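Trainee: Read off the chains here:
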Amino acid sequence: MGDDAELAKRILGGDREAAGEIYDRYAPLVRAVLLDATGSLPEADELVQEVFVRGLTRLAQLRRHERIGAWLLGIARHEGKEFRRQAGRRRQRFTALVDHPAPKTKPAVGDTVSLIGEVVRELPERERMAVHIHYLCGEPAEVARHALGLSQSGFYKLLERARGRLRARLLELEKRR
Amino acid sequence: MNVDQNEDRKLDELLRQSYAALRQTNAEQRQAVLKGLSDARRNVNPPGRHASRPWQRWALAAACLIALFAAWSWRTTGPGNVAYGIDDVPQRLAEVKSISIRGWQWVRDASGANKPPTRVPIEFLIQRPGKFRYTFTAISSRGGRTEILQGADLCDGAHEWFLGASNKPQFSRAVGALDALLKTEMIGQIAAELAVLGPPDASYRKIGKDNSNGRQCDLYEARFQLGSSTSVARVWIDPRDGLPVRVVRDELESDGKLSHETELTDIAVNVPLADELFRFNGPEDAKQTRPNASQRSSEAPLLDTSPTSSGSSGNAKLETWQALRISDNAAFVVWRRSAPVAQADAAPDWLSGVKMNVRDSRGDRELRHHWVYQSNSPDRWNWSLVVPADGKPLGRGEINFTMRSPRSRLTVGLTPLRFKEDDLRQLLRAAQRSMLPASTTEVSLPYLQAVARKLSSAEASD
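Chains A and B, in that order, give the protein sequences.
Position one of the first sequence corresponds to residue 1 (the numbering used here), numbered consecutively onward.
Position one of the second sequence corresponds to residue 1 (the numbering used here), numbered consecutively onward.
Just chain A, with the same shape it has in the complex (with noise of 0.2 angstroms):
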C-alpha cells in the first residue's frame, strides 16, 4: 500500500497500467461507497466508472500522493450525494428496479447475506466505512490511516465496536423473527 504515491506519480506521467493498478485495488471500496449512496447495485457501477474518470484526470490537483485512495473516495461520496440530491430533484419515482429491487422494501429475514448487506448500511458512516474497508482492501489499516485519519488500533477498535452493533442488530432482527 506504501507505493499508492509511486503510482499516482507513475499516472500523472501518462501510465495506463498504474491507473489500471489503481482501479483494481479502490474500485471495491469506492462501489460501496456509491451503493450506500444509491441504494442500486447498478448505478453504483455506473457512477463507479465517473468517479475514477474524475479523480485520475484531477490528479495533478491532488498534493499529497499517498492520499489518493482517500481522494477516490471523497469523490464518491461527492457523487453520491449528487446523485441523490438529482433524485430528490427529479423526484423520480422509479428508484426501484425489478431485476436489482431497492432497499426500501424489507429483505426476507431468512436471506441472511442480503440482509447483512442491509444492516452494515445502517451503521454510522465511519463505522461502516471501516467494515467497507476491512472487508474489500487487501490493506485496511493503512488504506483507513489515509480515509479515516485513524491509527491502526485506532482502526480495529473501531471495527470492533462495528461489529458489535452489528451483532446486535442481527440478534434483534432474529429475535423478531
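Be aware that one or more of the hints could be misleading.
Cβ-to-Cβ under 10 angstroms is the rule here; a few derived chain A residues that face chain B [as the list claims (entries may be wrong)]:
1) L7
2) D24
3) A27
4) P28
5) E46
6) E50
7) T57
8) A70
9) Y135
10) E139
11) S153
12) Y156
Just so you know, these hints were derived from the structure itself, not from any lab.
Computed from a predicted structure; not experimentally measured.
Just so you know, even glycine gets a beta-carbon here, dropped at the ideal spot from N, CA and C.
Please build the complex by placing chain B on the supplied structure of chain A, with the hints as guidance.
Mentor: For chain B alone, coordinates are given in the frame of chain A:
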C-alpha cells in the same frame, strides 16, 4: 467464550459473502476507465502543481495571447477549427469505423402504476463494413401483465443470426457482402441514431455545458412526441469531435413528473470490437429453427431486394426498399405501389395520389421527383430521384411517401442512408443487376448526381 468466537466467525463469514459482489472484477469497466482517462488526457493538458519559473509564466502569457487571438479569429473569420454541434452527429457517426452504444431502457408494468419498471439493456455494436450486433426488446401486454422479450440480431459480414429470448436462435441466413454493408448501415444510421437523437423531427437546443465521463460537453435538450407520450431528451456532445458521450431520455408524465425512459451511458467510437461479438456460437442443434425460402439457401443472394417497409389497405399497397443519399440534398429511392386507377384514354399515372416530402425539425418540406426507372408494374421496383424543393440539404430528414386512394391513406418513411462513394457505386450496380431488365442502360452515380443538380435548380422536367 467459544460461543462468542463461533458467533464472530459466523458474522465474519456472512460479511465476506455479502461483500463478494462488490469485490468482483469488472474488466469492461476497468477498460472504460482507462479509455476515459486516455481520452481526457489527449485533450486536456493538466496544470502542473509546481511553481512555474519566470520564463514559464511568460510562455504561458504568450500562449494565452495566441489562444485569445485564435479564438477571436475563429469567431470573426468562420469555422476553420470547427466546434461540432448536435447537427453534425449523424454525419460523424456515419464516418467512424466502429460504434459501441450501451445503456438501459426502463419498461413499465402495464398492470399497475405503482409497480417499479424493469430495466432492460440496450446494445448497438457496429463494425464497418458489414458487422453488427443489435439487441432489441419486444414488449407485449397479456392478461394485464407486461411481457418483455429480448432478442438480438447479429451479423459477422457473411452470416446473420436472429436470437430470441435467452439467446435462442430463431433463424440464421447467409448474407452477401453488400447486404451485410446495407444492413449494418441500417442498424447504425437508423436504429442507433434513433436511440441517440430520437425521431428526425426532434428539435434540440443547447442548454449549457456539463462534464460527463471526464469530458467537457455541450448539453442539448429536446422535447418530442413518441407515440402518445412526450419525451424529454438530453444529449451530451463533445464539441471537439462532434460525438455523443451520454444520452438521458425521460418521459414527461401528465403531472409534470419525469420518469426514466432510456439512458445511454457507454458510447464509444473507433474502439476495437472482438469478432466473437458478431457471431453466434451456440450449440449446433440450435440452428435454423424457422427458415423461410430465402434463408434455406446456403448461398447468399447478390442483394436482398425484399421490401424493408410497407403499408397496405384493401387493394392499395405501398412498399419501399431503400433510400440512398447521393449528395447532401438528393436521395435515390426504390419503391413500388399498387396499380393506379386507369384514366379513360390516358396512360396510368403511377404518381397519382402520391405525395413525397421530407420531415425534420424544420417541419415538412416538399420533394421534387424525377423518374430514373419507371417499372409500370405493382410487382417491380421503381427508381426515383428526389430533392427538397427548397434546395436545402436533407439533413436528418426522413423521406415520406404518402399515397391517397378513395378509401385509404398510406404513408411509408425512409431514412436516406449515407455511404462512401465506392460503396454507393457497388450498391447501385448490384441493385441494377437485381432489379432492372438486363437491357437497361447503366445508371451510374455521376449520372444520378448530375440529374440531382438539375432537379435541385428546377431545370429538370419529367
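Trainee: Hint by hint, say whether it matches the structure.
Mentor: Each hint, compared with the structure:
1. Given hint, L7 of chain A at the interface with chain B, is violated; its Cβ is 13 angstroms from that chain's nearest Cβ, farther than 10 angstroms.
2. For the restraint placing D24 of chain A at the interface with chain B, the shortest Cβ-Cβ distance is roughly 7 angstroms, inside the 10 angstroms limit, so the hint holds.
3. Contact between A27 of chain A and chain B, as hinted, is supported at the beta carbon level, the nearest pair being about 7 angstroms apart and thus within 10 angstroms.
4. Interface restraint check for P28 of chain A: the shortest CB-CB distance to chain B comes to about 5 angstroms, inside 10 angstroms, so the restraint holds.
5. Annotation: interface hint on E46 of chain A holds; nearest CB of chain B at approximately 6 angstroms, less than 10 angstroms.
6. Because the smallest distance between the Cβ of E50 of chain A and any Cβ of chain B comes to about 6 angstroms, under 10 angstroms, the interface hint for this residue holds.
7. Interface restraint check: T57 of chain A against chain B, minimum CB-CB distance 4 angstroms, threshold 10 angstroms, status holds.
8. For A70 of chain A, the shortest C-beta to C-beta distance to chain B is roughly 17 angstroms, which exceeds 10 angstroms, and the interface hint is violated.
9. Look at Y135 of chain A: its Cβ gets to within about 4 angstroms of chain B, closer than 10 angstroms, so that hint holds up.
10. Checking E139 of chain A against chain B: minimum C-beta separation of about 15 angstroms lies over 10 angstroms; hint violated.
11. With a least beta-carbon distance of about 19 angstroms to chain B, the hint placing S153 of chain A at the interface is violated under the 10 angstroms criterion.
12. A hinted interface residue such as Y156 of chain A counts as satisfied when its beta carbon comes closer than 10 angstroms to some beta carbon of chain B; here the least separation is about 13 angstroms, so the hint is violated.
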